[in-house]
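Residue numbers (my numbering), protein chains in the order written: chain U, 1 to 107; chain W, 1 to 113.
Honestly, I wouldn't trust all of these hints.
As the list claims (entries may be wrong) - Using 20 Å as the maximum straight-line C-alpha spacing, the simulated SDA-like pairs for lysine to any residue come out as follows:
| id | chain 1 | residue 1 | chain 2 | residue 2 |
| --- | --- | --- | --- | --- |
| 1 | U | Lys69 | W | Glu99 |
| 2 | U | Lys3 | U | Gly91 |
| 3 | W | Lys57 | U | Gly91 |
Hints listed in this document are in silico derivations from the structure and should not be mistaken for laboratory results.
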Amino acid sequence: DAKTTQPPSMDCAEGRAANLPCNHSTISGNEYVYWYRQIHSQGPQYIIHGLKNNETNEMASLIITEDRKSSTLILPHATLRDTAVYYCIEGNTPLVFGKGTRLSVIA
Amino acid sequence: KAGVTQTPRYLIKTRGQQVTLSCSPISGHRSVSWYQQTPGQGLQFLFEYFSETQRNKGNFPGRFSGRQFSNSRSEMNVSTLELGDSALYLCASSLGGVEETQYFGPGTRLLVL
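Given only the sequences and the hints, what does the whole structure look like? Please build it.
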């Protein structure tokens, strides 16, 4: 079973920042937090991952709390193409997907 | 660099038949993992192959099997198909080390009638 907790759905206005929270209170010291997203019926797309420092790439930023029990994925300027299910996952051997957060970006 | 490719993309079978799905990983990747996605159970891990050996296995019946070839390409086989095997089958490849990022293919959609 998935060990992370995410809100089932969120809305975001186009052009605004989308902040997607995730609780991962059981994460072990050497496990990374991974974020993937899945646009309808496509394969999951890797977004970003981190251990304890904040991370940023061309797609998003990842903010991890100091105690590592939660994190927030930030899409700085959401577009309609960011509408997808977003998954937060502890570790990757193997990836254990929960139900994720369905993000709807609204024009 | 080309991404993960899966063939075929769509497949229709009838109950009792068997099916083989293929996955070609990203060049240089030695690990291939397979996942099943259904509306009821979501995305579930089937198994992982690394250097032609099964390294990890999920909780699926023995009807689900796989193999990996020396060029890292992988196949999965489902025998004696059941209606409940209708799903999107996804493979993901990685370099194979711990915490190496997995990259997914587009999936094969299997419909069992």
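Now the hints, each set against the structure:
With a C-alpha separation of about 18 Å, the suggested pair Lys69(U) and Glu99(W) falls inside the 20 Å cut-off, and the hint holds. Between the alpha carbons of Lys3(U) and Gly91(U) the distance comes to roughly 10 Å, so the proposed pair stays at or under 20 Å and holds. Restraint check for Lys57(W) and Gly91(U): satisfied, since their Cα atoms lie roughly 16 Å apart, inside the 20 Å limit.
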